[in-house]
Amino acid sequence: MIEFKNVTKAYKGGKNVLNGLNLTIEDGEFVFIVGDTGAGKTTMMKLLLSEEKVDSGSLKVAGFDLTRLPSFKLPKYRRKLGVVFQDFRLFPKMTVEQNVAFALRVVGTPKKYIASKVKYILKTVQLENKAKSYPYELSGGEQQRVALARALVNSPDIIIADEPTGNIDPDMSRNIMDLLVMVSNLNKTVIVVTHERDLVSHYGKRTIILEDGRARELYPEVKK
Amino acid sequence: MRARKSYSPFYFIGQAFNGIFRNFSVTLGAVVVLVCCLMLIGSFYALIANINENLDDLTLMNKIVIFLEYDATDEDCDRIEKEIKGLRELGNLKVTFVSKEQGLEDMKADDPENAYLYEGIPAEDNPLADSFIIEYDDSSKVQRIEYNLRQIEGVRKVNSHSDVAIKVNTFKNGVTVVFMFFFIVLFAVGIFVIINTVNMTVFSRRDEIYVMRFVGAARWFIALPFVLEGIIMGAFAAGVSYFAMKWLAGYVVGTVVAGLDMITLLPFEAYSDIVLYGFLSIGIVSGIIGSTISIRRPMDA
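These protein sequence lines map, in sequence, to chains B and S.
Just so it is clear: in the first sequence, position 48 is 48 by this note's numbering, and no numbers are missing.
Just so it is clear: in the second sequence, position 272 is 1272 by this note's numbering, and no numbers are missing.
These are calculated hints, taken from the structure and not from any lab test.
Hints should not be assumed to be uniformly reliable.
What the hints assert, rightly or not - Computed, partial: chain S to chain B, Cβ under 10 angstroms:
| no. | residue |
| --- | --- |
| 1 | Lys-1005 |
| 2 | Ser-1006 |
| 3 | Ser-1008 |
| 4 | Tyr-1011 |
| 5 | Cys-1036 |
| 6 | Leu-1040 |
| 7 | Asp-1207 |
| 8 | Glu-1208 |
| 9 | Met-1212 |
| 10 | Val-1215 |
| 11 | Pro-1298 |
| 12 | Asp-1300 |
What the hints assert, rightly or not - In silico negatives: residues of chain S with every beta carbon more than 12 angstroms from chain B:
| no. | residue |
| --- | --- |
| 13 | Asn-1062 |
| 14 | Ala-1072 |
| 15 | Asp-1074 |
| 16 | Thr-1096 |
| 17 | Leu-1117 |
| 18 | Gly-1216 |
| 19 | Arg-1219 |
| 20 | Ile-1222 |
| 21 | Val-1240 |
| 22 | Met-1299 |
Think of the CB as a built atom: it goes at the ideal place given N, C-alpha and C, for glycine as much as any other residue.
Could you put together the complete structure from these sequences and hints?
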């Protein structure tokens, strides 16, 4: 469960970006976070990733109290998360399977399990035939699926996707979103930060609108 | 059940060498600067060791001679010796009694060309007095030792070189302060050079560090290759400096100072262990400190 309680956050010399944010996301939920530029989406992400600390209020994620999380526990917390970046953050000199295996290797997964896990997850994102390809040989949508595979391979409880469709064409966007919905059906919490209202309305999932640092619920109609 | 974590040491060592060869020219430049810093520190140390050795050779520096009254009896001599040995708070004092007869013999030995002048002097006409030679190990207390000796009843005269000893001591302290100053400055330069070099590797691997942080890699896992890179640079610079120093010391002792009888230079072997372990310690510690500082910011950003 993710629980923001009266969270405020301001940057040095600025006004409050988050202004008493209250929000609860249950395990296995799929949630869109939308809002205009400066509404606090990025700050909310940074708090979830524990890149920033709250100024006041409390934030609890997957049993971790992020308001007082010591730095030595940070890696353990982040293993509960899978992060998908807008710019993919793939390593150009590594193949697809090496990019995915990287996430396993750096958390100390024994070598004998790595190949089978990579194979399984690439199959899940429908990229098993691109395992030996390099990122520059892939389309934007395929690159984002590699990034999604890397986020999923350590079996995190929560997937956080920051504008996952920002750099890909509309058809591929649907494909990525379908994959994220499928992931949420595996009882994983999925949080998608986006500004693409069409995409949000298409999927009809719980939507949080951030306005002036506060959360407002919106349940859009599902487009047929 | 979760599988046990498994980390290969070859990964860390491989990444460390990758970092070195990725920015080879910068690393080479850093090693050269480190070698220069270590050589300067080593040369200063050798200079101090040689100064101390040469000053210690001037044996008069740590000796005081006291002369007793001409009519001092054996009982007086025993009492005075006991009183001198009782001055324990003034450091370790070595007391040697020189009888007036022995004094005369020593004069003959010291001045063999004029030894005939002393021949035939009857014992009762010996112009010398009984004396004690007091050797001390703490030259900073020489004035107190001298003062205490003058207070002993039966002591006629105290010969010391306290003014010279004090000047020598001040000089030694001054040289040590200068050494410490340069040591700190050069150590800081070494750390600064390693920070800059490891920063280059950190920059070229920034995307990997970013992803590692967000998939939950442990801080030590991210930092270790960079720290190893700093250690390898420091240790390599220490090794090069040691052999360069050995050659340089041999050259100075064998060629430059060989013809100067008034200066005694220590052979390199006399302080080679200190130089080796000192260089390794300085190189490795500056490598650890420099690389740790470099990696802190990207890990916390």
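Against the structure, the hints:
no. : hint     : result
1   : Lys-1005 : holds (3 angstroms)
2   : Ser-1006 : holds (4 angstroms)
3   : Ser-1008 : holds (8 angstroms)
4   : Tyr-1011 : holds (8 angstroms)
5   : Cys-1036 : violated (35 angstroms)
6   : Leu-1040 : violated (38 angstroms)
7   : Asp-1207 : holds (6 angstroms)
8   : Glu-1208 : holds (7 angstroms)
9   : Met-1212 : holds (5 angstroms)
10  : Val-1215 : holds (4 angstroms)
11  : Pro-1298 : violated (12 angstroms)
12  : Asp-1300 : holds (8 angstroms)
13  : Asn-1062 : holds (56 angstroms)
14  : Ala-1072 : holds (77 angstroms)
15  : Asp-1074 : holds (77 angstroms)
16  : Thr-1096 : holds (65 angstroms)
17  : Leu-1117 : holds (86 angstroms)
18  : Gly-1216 : violated (3 angstroms)
19  : Arg-1219 : violated (7 angstroms)
20  : Ile-1222 : violated (8 angstroms)
21  : Val-1240 : holds (32 angstroms)
22  : Met-1299 : violated (9 angstroms)
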